[in-house]
Structure formats: structure tokens, C-alpha cells
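All chains should be built: construct the whole structure from the sequences, respecting the hints.
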Amino acid sequence: MLGLFRSILIFLLLTLIIQSCGSSDTNQNDVDSELPTVSTGNDLNPNSSGNGLFEIKSGTVSFLIQATSATNTKPQFNSLKDPDGNELLTTLGEFAWKSNGYSNLLVPISSSYDPKPGIWSYSATNYSQLKLDMRTSDLSETPTIKVQPYISGSDNISSALNIMKSIFSTSGINLDVEDTETLESKYSQVSYNFNNSTTSEMVSKGDEDKVNLFFITDYTDAAYLGNAAGIPGSQGLKGSHNGVLINLSAHKTGGSLNNQLLGETAGHEMGHFLGLFHPSESAGTLFDPIADTPQCPLSQNSNNDSKLTAEECGQQYGADNLMFWDSWENGNQDNLTEGQVYVLKRALIAK
Amino acid sequence: MKSVILLVLIFVNTSLVMAVPERNKVMRLLEGRHWELREGPFKRLGEGADQRLREIADNTSLTNYLRFRALIALSLYDNEETGVHLERHARSGDSSFARRGFSSLSRAFSRSEPDRVRKVAEHLMESPEAQLRIAAAREMRKIDPPTFQKFLQRESKAWVREAARE
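Residue numbers (the numbering used here), protein chains in the order written: chain H, 17 to 367; chain E, 326 to 491.
What you were told as hints is all true, and nothing was included just to trick you.
Derived list of chain H stretches under chain E, where covered just means 3 residues or more per stretch with a C-beta under 8 Å from a C-beta of chain E:
(1) 202-216
(2) 235-242
(3) 257-268
(4) 272-286
(5) 316-323
(6) 337-343
If you are wondering where the hints come from, they were derived from the structure by calculation, not from laboratory data.
Note that the Cβ used here is the ideal one computed from N, Cα and C, for glycine as well.
Next comes the structure, spelled out in C-alpha cells:
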């Protein structure tokens with residue numbers, strides 16, 4: 017009886033061991049099949065968990081990982097590690113662009129970030145498509161960025177475009193502004209929301225290698241001076257997020273365009289599209305990731321309300337910077353710092 | 326006795342003047358390249374803020390973005406002076422002002438005085454400006470669905486009909 021019991025026990029134990037080995041093998045096979053392959057081109061191939069690898073080659077100046085999704089979900093990057101295993105999202109995370117239908121990660125967004133050659137890893141969720149764009153062309157001291165203006169209506173924007181060009185050329189960046197194309201009347205007033213079907217249809221007309229400036233007659237649902245499809249926008253990727261909107265009627269005084277303000281707005285939104293943030297946000301507590309941009313601190317808030325205006329910050333605290341959050345009635349906003357120019361010169365679409 | 330009455334009158338008059346916030350305080354709340362309406366700061370300005378907003382909205386020497394925002398902020402005030410002011414803008418020949426005037430009128434009065442909003446919506450649904458027709462039709466859909474359906478039947482542009490239904 018004891019012998020029979022012992023035999024049964026041994027049989028059960030052996031069965032358990034065999035099953036356990038088999039199970040382990042199966043799991044190992046699953047893990048192996050889920051190991052992400054290294055992407056070397058533009059299309060990223062993450063595994064089913066959204067983890068993936070890509071190679072950055074020597075001489076790469078900048079790269080942009082872009083995620084698109086249905087317009088009611090927000091694609092999310094959860095990790096981006098450089099070849100040395102450093103997690104960039106711990107510091108870059110708050111500046112990673114996240115919006116419904118479109119999110120991205122740009123390297124570099126300041127001189128603190130470096131597109132190191134080697135194998136990078138990432139993790140993403142809620143996406144339908146992932147794309148990697150890299151710039152490997154040589155860095156130029158005076159790079160050129162192609163700009164395509166579109167306009168609805170018959171306003172003359174040539175003076176404003178010249179002001180915008182001048183702001184960038186002072187910092188060593190040439191804007192190659194192509195002839196302005198006229199938009200159909202259905203695009204004269206559109207939503208600020210780049211996921212709106214009409215706005216999306218219009219912005220998708222833009223080429224992927226240009227900054228597409230859409231001078232619309234007005235927004236249907238906002239009173240912005242302008243807005244960009246992302247910080248940065250979808251450089252290198254044609255679609256709904258490949259441009260900026262600029263509101264013409266908001267820039268008029270008694271029927272006449274304020275060309276200085278319009279030129280600054282076009283330049284400001286283009287700065288966002290190429291990866292620049294506001295040096296200081298309105299509350300004086302949030303600042304961009306660039307070391308040399310002037311910060312306007314809370315202490316400048318003379319009347320203790322919720323906003324630090326251009327008047328309160330003045331030139332000393334960056335009100336004259338092109339990327340200041342507020343427009344400035346009593347001064348021009350035509351300054352860019354070396355740190356901002358560092359990012360612009362490395363823009364994916366700069367040559 | 327006369328001097329007491331005079332003092333009281335001066336005090337009351339001063340209080341009334343003091344109640345209207347300084348123009349600059351209101352203007353500051355309209356600043357920013359990517360402005361959005363936040364109710365709290367306007368409410369904290371206290372009484373008279375609507376008067377200043379109406380002045381700003383009417384001031385043709387100001388750049389339009391400030392005037393647009395003043396009109397939008399007026400949606401927070403549902404008093405008679407503001408109602409009349411928004412109706413006037415909603416019927417203006419400039420579609421940017423008309424649409425914002427109408428939008429604020431709807432937000433401020435569609436519950437308390439739907440007929441007031443309906444009259445302006447009926448007018449705007451005949452506008453040659455497509456975006457005005459769309460804005461008015463959307464509001465009419467909520468107030469009077471049969472009139473909205475009639476609009477859809479007579480509107481010739483498919484994209485306008487589609488936008489009105491959104």
C-alpha cells in the first residue's frame with residue numbers, strides 16, 4: 017500500500033516537473049517572439065506591448081518619433097532610453113507633445129539633449145501608427161527652412177511675411193518663403209482644433225518638408241492670435257498636424273492689418289512648430305527647457321493677479337522674445353536666444 | 326442736514342464709480358496669444374466688469390483680438406445692457422463680431438430668454454456668411470428642431486448642412 021502511494025507520488029511529481037518545464041519553454045518562446053526588432057527606417061515596429069528599438073546612426077542631427085491615433089484618444093510615450101540606458105522622459109517628459117490623435121518626442125529640444133548614435137528603446141501606448149524621422153544632413157551655420165503660406169481672402173500679408181523672415185534671418189536662419197497659395201472659401205473660418213474634419217482637410221494640404229502657415233480669416237471657435245498643431249508639429253509627416261493657423265481678423269485694427277503683430281505671430285507659431293516652447297508661461301511658474309531663455313518670475317507680478325503680462329516682464333525678463341506667451345503692445349518681439357537658435361538649426365526640416 | 330445729504334450723495338456716487346474696475350485690469354485678462362475664457366478672474370473683478378468689457382468690445386482703436394475676447398467674456402453676464410449689446414454685435418456686418426456676439430448671446434440667454442436668441446438666430450440663418458448660418462442653425466437645433474430641419478432643406482451647400490449637424 018505504501019509502495020503504491022509512493023509510486024503515485026513520484027508519478028505526480030514527475031508530471032508536475034515535465035509540465036513546468038514545458039510551460040517554461042512555451043513562455044520563453046512567447047518572450048522570444050515578442051522581442052522587438054531594431055528599426056532602421058522610418059516605420060517603427062514595436063512588439064505587442066508597444067516596446068521597440070530603433071537605431072540612430074552617427075551624424076544624426078535630430079530625430080522625431082511621432083504617434084498617431086484615432087482622434088478621441090491620446091497616444092502616449094511611456095519611455096525613451098538612449099543607447100546608454102538613460103531614461104529621457106524623466107526630464108523631457110513634461111515637454112513631450114501629447115494631444116488627441118497626435119503625440120511626439122523630439123530630440124533635441126535643447127542643448128541638454130543629444131541624439132546619441134546607437135540603439136534607442138521606447139515604449140508607447142494608445143497609438144495606431146508610429147513613425148521615426150531623422151535628420152542626417154550636415155549642420156549649417158545658416159540653415160534654410162522652407163515656408164509655405166496659404167491664405168483665405170484677399171489681405172496682403174507680404175509685409176508681415178517680411179517681418180517674420182527678418183526676425184529669423186537676424187538669428188542666422190533663412191526662411192525660403194514660397195508664393196502664397198489661396199485657400200477655398202470653405203477654409204476661410206475653421207476650428208482651432210486640428211482634429212476637426214475641415215481643419216484637418218485643410219492642413220493636410222501642406223507638404224511634409226515645409227512649415228505650412230495657414231492665414232485664415234478667423235477661427236470658428238477660438239479667439240487665439242494663432243496656434244500650432246504641436247510643439248513640434250508633424251515635421252516630415254503629411255497630415256492633420258502639419259502646420260499652424262494664424263487668425264487674420266484678430267490682427268486687424270479698424271480694418272487694417274497690424275503687420276508687426278502678424279509677422280510676430282507667424283514667427284511665434286512657426287517657433288512652436290519647430291520645437292520651441294514659451295520661455296515663461298503666464299503664471300510665472302513654468303519655464304521652457306532651454307537654459308539661456310529669460311525667465312519672468314512670479315515676483316514680477318505687480319498686481320498679484322493670475323498673469324504676468326509683457327508689460328510686467330519687460331525686456332529684462334523676456335517680453336521681447338519671439339516665444340513670449342503674450343504679445344507686447346509697447347515693444348517688438350523679435351529676439352531669439354542662442355539656445356533657441358540651437359533647436360531651430362537642428363529642426364528636422366531645416367537644410 | 327443738507328451737508329449730511331450731500332456727503333451721503335458724494336459717498337454713494339464715489340462707491341458707484343469705484344465699483345467699475347479699471348480698464349487696464351480688465352484688459353490684462355484679455356491678453357495672451359492662446360487666450361481662453363476663464364470665469365473666475367472676471368467674476369473676481371466684481372460689479373462693473375461687464376461695462377468695461379462692453380466698452381472694449383466697441384473700441385475700434387483696439388486690435389480685434391482684444392475686442393473679440395471682450396465679446397466672448399460678456400457671455401458671463403446676463404443683464405439687459407449686455408443682452409442689447411450682444412444683439413447689436415450679432416447683427417453687425419462684420420461676421421467675426423456677429424458670430425461672437427451671437428455665440429455669447431446664446432450662452433448667456435438661451436435658457437432664460439430663448440425667444441431673444443431665436444429672433445437673432447432666424448436673422449443669421451439668412452446670412453450670406455456660411456459660418457454665421459452654421460452657428461445660428463446649431464443654436465436653432467436646440468431651441469426649435471422643426472425650424473432647424475427647414476434650414477437643412479433650403480441650405481444649398483452640403484458642407485454647411487454637414488457642419489450645422491455637428
